[in-house]
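A.B. asks: Read off the chains here:
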Amino acid sequence: MIKQAAKPTTLTAISEAEAARFLLRAQFGTSEGEIAAVRAQGYAAWLEAQFNSPRGQKGADWLDAHGHNAVTAEARYFWPQAGDYMIWNQLLAQPDEFRQRCAFSLSQFTVISLNPIDGYWPPYIMAAWWNVLLDEAFGNFRSLLERVTLNAGMGMYLNTKGNLKEDAKTGREPDENYAREVMQLFSIGLYELNPDGTEKKGPDGKPIETYVQSDVTNLARVFTGYDHDMSRVQYKKVAWQNFPVITPEFTSDPMKLDPGNHSKLAVTFLGTTIPANTPAPDSLRIALDRLFNHPNVGPFFGRQMIQRMVTSNPSPAYVKRVAAAFADNGEGVRGDLKAVWRAVLLDPEALAAADPKDALHGKLREPVQRFVSWARTLGLKSESGNCEIFATSGQEGLGQSPLRSPSVFNFFRPGYVPPHTAIAKAGKQAPEFQIANETSIAGYINFLSWAIRWGYKDMKPGYEAVLPIAHDPPAVVAWLNLHLAANQLSPASCSLIATALASKNVTPDTPRDAKLDMLASACLLVLSAPEYLVQK
Amino acid sequence: MTKIVTESVSRRTMLERAAKLGFMGAAAPLAVNLASMGEAAAATAPGGDYRALVCVFLYGGNDHPNTLIPYDKINHARYMAIRGGVSFQRKDLDATALKPIVPQALTDDQQYAFAPYLPRLKILFEGGKLATQLNVGSLITPVTRAQFDGSNRALYPLPPKLFSHNDQQCYWQALGSEGSNVGWGGRIGDFAMASNDQSLLTCISAAGNAVFVSGDKSLQYQISPSGAIKIETIQDPKYGSAAISEALHQLITQPSANAMENELAIIARRSIEMEGIVNKALDKVTLQTSFDTVPGDNSLANQLKIVARLIGARKELGSRRQIFFVSLDGFDHHSNLSKKHNELMSKVDEAIAAFYVATVEMGVQREVTTFTASDFGRTLVNNGDGSDHGWGSHHFVIGGAVNGGRYYGTAPHVSATSDDQVGQGRLLPSTSIDQYAATLARWFGVPDGEMATILPNIGNFDGRYLGFV
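Top line first, the protein sequences correspond to chains V and B.
Residue numbers for the first sequence follow the numbering used here, so the first one is 1 and each next one is one higher.
Residue numbers for the second sequence follow the numbering used here, so the first one is 1 and each next one is one higher.
The hints are simulated quantities; they were obtained by calculation from the structure and are not laboratory data.
It is possible that part of the hints are untrue.
Claimed, not checked - DSSO-like cross-link-like pairs, simulated, lysine-lysine; straight-line CA separation at most 30 Å:
hint, chain 1, residue 1, chain 2, residue 2
1, V, K320, V, K200
2, V, K425, B, K217
3, V, K236, B, K340
4, V, K320, B, K161
5, V, K169, B, K339
6, B, K347, B, K284
Whenever a hint applies, use it, and build me the whole structure from the sequences.
C.D. replies: Right, dumping it as structure tokens:
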């Protein structure tokens with residue numbers, strides 16, 4: 001049925017470190033069982049198994065189960081923070097970890113943010129959004145694009161909700177926000193690309209713009225007439241406010257068209273004309289098909305997925321192979337995201353051993369990835385299951401908070417070049433460095449030093465896998481180096497860490513708390529080390 | 001930490017409050033400070049060798065039509081007609097209608113009012129400490145509407161990716177599209193580094209990484225609103241040990257052959273080295289001025305407060321020439337403009353006024369010039385309950401050295417069809433960022449002959465210095 005994108009592998013072919021390296025890209029953490037599974041099954045078969053493994057609990061169901069649907073005088077239905085709890089629970093605890101990682105990558109390509117999503121039920125809006133990304137993570141980009149477009153949260157974030165057709169009498173024009181960003185960020189980007197992701201150049205030697213303002217103004221008409229679908233919503237009178245509380249069905253239902261508010265004008269964009277008076281659903285189909293079939297999408301999207309999961313500076317040939325998989329999954333289907341993940345993760349360039357002479361290999365792990373990786377690998381558990389982790393983007397926090405990008409431009413830009421660095425001198429990019437600075441580096445270590453020892457609210461670290469070897473610092477370091485860093489810490493660093501840990505004098509009989517002091521220290525040293533922070 | 005999103009204060013209450021503040025209330029100390037300005041300035045040792053530029057970046061594209069609003073009857077009626085539901089009634093503007101110090105004849109005899117939520121800035125304007133630069137924006141060369149509509153891009157090049165957030169943010173900060181990594185603030189800083197005992201404290205951002213404060217030589221140093229962040233475990237092992245703290249220090253600062261690892265180590269070394277120096281100096285600063293005069297969090301005020309404190313520590317730190325960057329997010333008001341823009345204007349008003357008062361308190365108001373910048377202006381035409389990405393915009397310059405209480409540049413017509421806009425009331429800038437920047441750079445001390453190294457296109461514009469400072 002599905003073609004193997006890589007040669008079948010045998011246990012002996014994949015080392016423990018290679019398996020860990022693969023897992024740390026494809027998901028967040030590693031376990032001994034997962035490393036063994038990858039070694040036994042081979043990379044490709046392991047991926048196929050993940051594609052076919054069951055979904056975790058949906059965000060909305062988790063919110064319900066934890067009482068976040070309660071309608072009380074406290075009016076929590078306006079509060080955002082359960083949205084944070086929801087996404088942290090998904091990332092930290094749901095079993096479909098590979099799918100979660102893919103969705104996390106998608107969430108940085110098509111971006112909405114809890115700040116600012118306001119009004120009724122922000123947590124359910126974010127849960128529905130996350131569910132779209134999870135649903136479509138193994139689906140098709142065209143379907144993803146349509147569901148993103150009609151998603152209730154996206155409607156709020158980029159103003160398709162309530163977007164009205166032009167009105168000659170008042171001079172009102174359709175809102176251009178979604179029309180612009182769906183082109184600039186969610187599909188084709190600013191400049192014409194070659195299939196390998198490099199920019200095409202015009203006769204004047206300059207990049208060729210994919211669209212101009214009139215394309216935006218025209219496309220904006222396609223996205224008029226939509227609003228939240230309130231048809232399943234129930235209105236409930238309550239004593240504590242003089243307007244009804246509504247039920248959250250609107251958060252997960254696609255936005256609904258009111259044909260009366262939809263522009264009937266012709267739409268000319270990217271060389272396509274949608275005739276005047278075309279029914280709105282047909283306009284939407286034609287417009288999204290046009291975007292989806294634009295040759296930029298494969299390299300534009302594919303390169304960013306490589307950056308999220310493997311390396312900041314993929315070779316053009318690598319991008320071209322991923323773009324080719326996007327264009328055709330081998331069965332003539334365009335936009336198959338499973339084919340994209342296979343191409344990203346199984347590419348020879350990804351799987352080749354890191355070249356120690358390549359000083360620019362790899363990517364900076366982003367803070368959320370680091371924390372989730374640690375939590376999944378060392379066991380962060382909540383007795384109540386509440387997962388009360390609030391926004392962590394502050395300078396005294398992790399420095400990044402999932403689904404809380406500061407804008408639709410994500411936490412960092414794919415083309416970010418940190419000034420005054422060897423990276424810049426080499427003409428390379430390092431997106432995650434956009435949030436690395438004197439403040440965030442210190443804030444991250446401070447956040448870690450607390451969280452990895454004491455946990456977060458009622459979530460406590462277990463350290464089950466390493467407690468039995470806590471008396472053996474070199475063994476602890478070796479275990480952490482493999483499971484968190486795919487053995488990418490140098491022998492010198494491992495020895496430095498082990499020697500420092502020996503100062504804690506842990507023996508097999510040392511009380512558990514003192515062992516935890518030592519193990520948390522071990523994790524702090526590993527997770528702070530640049531050799532860990534750069535994923536290679 | 002609980003953030004409850006509800007309709008907190010009604011529009012009317014907000015307006016009433018703003019109107020009151022304009023005359024008394026929390027703005028009173030500002031008025032008093034302004035009245036005693038002369039004395040305060042006199043108290044400052046003349047020639048005190050310090051200069052600072054402070055960029056207040058309004059991310060998302062500030063809605064200039066609801067920031068500086070046509071107030072005379074005729075133009076206000078035009079504004080109402082085009083803006084529809086996102087406009088201010090004329091009576092709402094009475095309290096913030098502006099009286100220039102010297103009468104000025106503007107296009108179509110326009111008079112302006114500030115947004116009703118800028119009562120403090122009105123006081124600064126009328127006290128001569130705030131100037132308004134009209135219709136400034138990204139340009140490579142002066143362009144007319146006909147040239148914009150024409151296709152001769154060789155003769156009339158346009159800035160790359162007009163109307164795009166990230167690219168125009170970058171153009172405002174670095175005069176190039178995204179990917180540019182030298183900003184004009186940083187280039188000014190390059191000239192000033194040698195003046196400072198700590199060259200790293202030349203270009204400082206309190207708002208995260210921003211290309212504006214990255215120079216050819218000068219680096220951007222990041223500070224948080226609470227000061228420099230200390231890596232606690234290095235100084236206090238807590239549950240670890242002294243050996244573990246020492247290992248942490250070594251691991252995060254040791255050089256590496258991998259360029260990304262090495263850059264992280266460089267940042268960590270800077271973080272650790274500067275933290276001790278900066279926080280020690282900040283500890284000695286006492287600042288009476290309140291940056292919290294309005295209920296609610298104000299991240300811009302918090303950032304400007306740390307900038308004020310760093311200025312307060314200038315002697316201790318040996319700082320003589322500094323460029324600061326602070327920002328406020330959330331200006332992309334495609335919808336719900338009336339409510340959300342008002343909230344942000346209040347924050348801008350509170351923060352900038354408090355910062356000015358703090359400079360008066362420290363006797364450096366003549367040595368510190370603050371200016372606003374933003375991705376772009378917005379459409380005058382409304383899209384229902386918001387506005388769209390535009391181009392030219394109006395901006396503020398504040399400080400004791402500012403020739404304030406007046407407008408600079410050319411007032412645009414209140415129109416969606418005139419030749420000073422390019423559709424839907426997107427202003428075609430009549431003043432370039434280069435001129436705006438050159439005026440600030442000149443005041444800061446950059447010699448005229450060096451201006452083109454900071455602003456490569458400045459030679460394309462006649463009248464490079466606008467005179468507002």
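A.B. asks: All hints, please: hold or fail.
C.D. replies: For each hint, the structure was consulted:
1. V/K320 x V/K200: Roughly 14 Å separates the two Cα atoms, so the pair holds.
2. V/K425 x B/K217: holds (13 Å)
3. V/K236 x B/K340: holds (28 Å)
4. V/K320 x B/K161: holds (26 Å)
5. V/K169 x B/K339: Given pair V/K169, B/K339 holds - Cα atoms ~24 Å apart, limit 30 Å.
6. B/K347 x B/K284: holds (28 Å)
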